[in-house]
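Chains as they are written, first to last, in the UniProt record's numbering: chain X, 1 to 314; chain S, 1 to 243; chain A, 1 to 301.
Calculated from the structure, these hints are not laboratory results. Quick reminder that beta carbons are idealized off the backbone N, C-alpha and C, glycines included. Just so you know, not all the hints are guaranteed correct.
Stretches of chain A that chain S covers, calculated by requiring three or more beta carbons in the stretch to come under 8 Å of a beta carbon on chain S [said to hold, decoys possible]: (1) 173-180; (2) 187-196.
Here are the computed lysine-lysine pairs in the DSBU-like style, where the Cα-Cα straight-line distance is at most 30 Å [unchecked claim]: (3) S:K135 x A:K273; (4) S:K77 x A:K171; (5) X:K190 x X:K176.
This is what each chain is made of:
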Amino acid sequence: MSGYLAYLVFFLIVALTYSIVVMGLNLQWGYTGLFNAGVVGFFAIGAYGTAILTGPDRPELIGGFALPFPAGVVGGMILAALAALLVGLATLRLREEYLAISTFGIAISIQLIGLNFDALTGGAQGLTGIPRPLFSTFGTPGAYNLFYLCLVGTITAIVFAALQVALQSPWGRLLKAIREDETAAASLGKNPALVRLQAFVLGSTLMGLAGGLYVGFIGYVSPLDFLPLLTFQIWAMLIVGGSGNNRGAIVGAVGVWALWTMSGFAISRLLPVHYQSQGGAIQVIIIGLLIVLTLLFRPRGLIGEAQSVSRHAR
Amino acid sequence: MSPLLLEVRDVIAGYRPDLPILHGVSLHVGTAEMVTVIGPNGAGKSTLVKAIAGLVPISAGSVAVEGTEVTNLLTHKLATASIAYVPQTANVFTSLTIDENLKLGASTLSKADAGRRIAKAYEDFPALTQYRGQKAKVLSGGQRQMLAVARALLTEPRLLMLDEPSAGLSPLMVSEVFSRLKTLIATGVSILMVEQNVKAALAISDRTYVLAEGRNRIDGDSAKLAGDTEVAAIYLGAGGRKR
Amino acid sequence: MLQALADGILTGSIIALGAIGLTLTMGILRFANFAHAELITWGAYMALGALAITGTFAGPTPPFSFGLPLVFATLIAVVLTAALALLIDHLVFRPLRSHTSHMTVVFASFGVSLLVRMVILLIFGGSAAYYSNELQIAIRVMPGLRVMPDHVFTLGLTLAIVVALHLFLQKTRLGLSMRALAENPDLVRINGIDTRVVVRWTWVIGAALAAVSGVLYGLTVQLRPEIGFQLLLPLFAAAILGGVGNVFGAVIGGLIVGLAESLSVLFVPAGYKMAVPFFILLAVLYVRPNGIFGALRGGAK
Ligand SMILES: Nc1ncnc2c1ncn2[C@@H]1O[C@H](COP(=O)(O)OP(=O)(O)O)[C@@H](O)[C@H]1O
Ligand SMILES: [Mg+2]
Chain X
1 MSGYLAYLVF
11 FLIVALTYSI
21 VVMGLNLQWG
31 YTGLFNAGVV
41 GFFAIGAYGT
51 AILTGPDRPE
61 LIGGFALPFP
71 AGVVGGMILA
81 ALAALLVGLA
91 TLRLREEYLA
101 ISTFGIAISI
111 QLIGLNFDAL
121 TGGAQGLTGI
131 PRPLFSTFGT
141 PGAYNLFYLC
151 LVGTITAIVF
161 AALQVALQSP
171 WGRLLKAIRE
181 DETAAASLGK
191 NPALVRLQAF
201 VLGSTLMGLA
211 GGLYVGFIGY
221 VSPLDFLPLL
231 TFQIWAMLIV
241 GGSGNNRGAI
251 VGAVGVWALW
261 TMSGFAISRL
271 LPVHYQSQGG
281 AIQVIIIGLL
291 IVLTLLFRPR
301 GLIGEAQSVS
311 RHAR
Chain S
1 MSPLLLEVRD
11 VIAGYRPDLP
21 ILHGVSLHVG
31 TAEMVTVIGP
41 NGAGKSTLVK
51 AIAGLVPISA
61 GSVAVEGTEV
71 TNLLTHKLAT
81 ASIAYVPQTA
91 NVFTSLTIDE
101 NLKLGASTLS
111 KADAGRRIAK
121 AYEDFPALTQ
131 YRGQKAKVLS
141 GGQRQMLAVA
151 RALLTEPRLL
161 MLDEPSAGLS
171 PLMVSEVFSR
181 LKTLIATGVS
191 ILMVEQNVKA
201 ALAISDRTYV
211 LAEGRNRIDG
221 DSAKLAGDTE
231 VAAIYLGAGG
241 RKR
Chain A
1 MLQALADGIL
11 TGSIIALGAI
21 GLTLTMGILR
31 FANFAHAELI
41 TWGAYMALGA
51 LAITGTFAGP
61 TPPFSFGLPL
71 VFATLIAVVL
81 TAALALLIDH
91 LVFRPLRSHT
101 SHMTVVFASF
111 GVSLLVRMVI
121 LLIFGGSAAY
131 YSNELQIAIR
141 VMPGLRVMPD
151 HVFTLGLTLA
161 IVVALHLFLQ
171 KTRLGLSMRA
181 LAENPDLVRI
191 NGIDTRVVVR
201 WTWVIGAALA
211 AVSGVLYGLT
221 VQLRPEIGFQ
231 LLLPLFAAAI
241 LGGVGNVFGA
251 VIGGLIVGLA
261 ESLSVLFVPA
271 GYKMAVPFFI
281 LLAVLYVRPN
291 GIFGALRGGA
301 K
């Protein structure tokens, strides 16, 4: 029984971490209409940034600054923001597709750096022995995980509340106005490209934050945790939960992650050993179908866009 | 009595289902008749011709050509319905040559017919000949209008719909275009023309419809309307009495 | 150095073929299709499947490593890839095009790309595959430069396809309609042309080019379910570099990207090769967003 409970805690920590990524993506897509095809890249930047800043000093590595955990996370967020600025500045005044293509490119590049820049990222082995914040304070791993769940839960709640405030603020209304009628907003003397850039950078910063929290929990980084597949999973969470709605974003994160985990269990139980690799493909096909079918048949997702948005459009 | 060439009845249409622009517009055009539609900016004149051409969905009402209903026509079947349409803006392909613009306009015809009619178009609009192989973006506004009309006539339509053909043209060009249209009428073609230039519209056409805020306001013989103070009032924004 | 140049031109010509299809669909259908690269993978594997079914009913035609069976299989792959493209358009893109924001279609293509890749993985498995086990002997053209006959074939075929496509676009009614559609779809309809037919042919041509480029990739490198995913960035970089909608631009763009990838190995570790197209792309977007030859439809808003 306690085994299940421990697993539930573990599951929720990961799901809530992803829900912060989903809220970041929601700010970009749901509220601003920006297509980020490289979510995993910004998540990875936050994770690697935190690991490099907080990790122990080792002679063969460039990093290992042994900074306190919060400083590491903030550093990771800043790096993610800078990467977002790089592609945002290049593309946000151009055709909308160009942002999608560039974010896809940055994710690929980050993956390559993770795999190849051994002196910084530890290469294929990754970086291990990253200190977990306050780990020694809690005696058992079980107690520590419970603490970490509270930490991630609190941060998720703060991000959620802060986003609600931001979206109700004049800035949030401007965002909505630009999404619905760019020319009208521009004629009011606002600079749509600048506002879009702000939303894009802020969303990517949240993804970096989640990456830092992820590293703090598992205590190492490895390129295997940042496969392109994660981008699709995050998108599925957003689309299923309903974009333009942060409550939906959290529900979608937990729901899709549960579906992913359970389908993994089911496949490992039911499929014969030599079909296991195909089983992985089936799991991913479920994610792909989830995205495409929700887009086609329930474009508003399970919870749907907040009412105010569609009222505005009338 | 033979059916009217074009009959539009109580058409409700708009770009979005929840936001009609035309609130029940009616008009008709007879054979070899020139009819103009005038009205203030944003009255829905362009929307009306677009709706007839199947580019804006009609949610109620009907459009008929010679008694055959063509409401919500698939736009590519315009020529089959004997209609040709010259839009207000972007009415030539600037990235294609003059020749290619005409070939495209003739692509529903057999190769032989297309060749013959394109040759005739160059005879009728000799100004275009010297630009045959050049991109249409080199043409002046008046020349583009010529090209657009020449293209529209390739399919030998019974009805030609023109949306503000005189906009942005020099007075000389305007009278050139209008005199062309007059000759067309003489060959039995009917014309439905949207115009901003009220004076010219009333002077050239047989009948005129005045549209405001997506509704018919006044219509009648152009000669009579020319002296109507109400027409002027609508343009000054006072709004006329319902007919 | 010489060898790197030759390799770059080879990779470049494969990228070019894929990028032509992408630039056509981007210019004419007006959206960045993330699933285009998966059509390349699909085409490559359909040819593999066709080979498996027909068997090698005739031996290779020297000096090439392949013969009639692969040519036949490629034709089948072209048909099956066109069929997949039309199916995707019918089931996913068309319904979304009519009633949602433009980016939703782009996003849907992103989801579709994952589905296609996984279906291929499911059917064919994840390990590398080859059309033929015959070892080909490289011919030494001059000191420091060896080429495989297959590579020469690839180049020649690319060249032939580009010329044929150019003639098609310039000389036929359908080609004319496709160029017109890229500029103004409504005016094409007003001209009496059913744009749905033109759209369908655009898919068929783009998919056919994708299938051929997939087979050539499989012939000269190897087959893996990820080839499309790995080609996606080079294809986009080539299409945007050459100017969206511009067929010759895509070819030049493809060659530049291929050469840059291959020459980059002289300066940075080979592991970073895949990032080269991204930096080309960023540079183009910062410096000349319409591409070197200008886009058919404005790249800048
Ligand atoms: N493509 C469009 N989408 C939405 N609304 C439009 C579009 N084109 C025109 N409208 C609106 O339809 C109304 C009538 O426009 P239009 O028919 O072009 O007027 P007119 O040609 O009489 O000047 C205007 O309020 C205009 O804002
Ligand atoms: Mg108008």
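For each hint, the structure was consulted:
Chain S is given as covering the segment 173-180 of chain A, and this holds because 5 residues of the stretch bring a CB closer than 8 Å to a CB of that chain, at least three being needed. A stretch counts as covered by a chain when three or more of its residues have a beta carbon under 8 Å from one of that chain; for the segment 187-196 of chain A and chain S the count is 9, and the coverage holds. Annotation: proposed proximity of K135 of chain S to K273 of chain A is violated, straight-line Cα distance about 41 Å (limit 30 Å). Under the criterion of a C-alpha separation no larger than 30 Å, the hint pairing K77 of chain S with K171 of chain A is consistent with the structure, at around 24 Å.
In summary, the hint linking K190 of chain X to K176 of chain X is supported, as the alpha carbons are separated by about 13 Å, within the 30 Å threshold.
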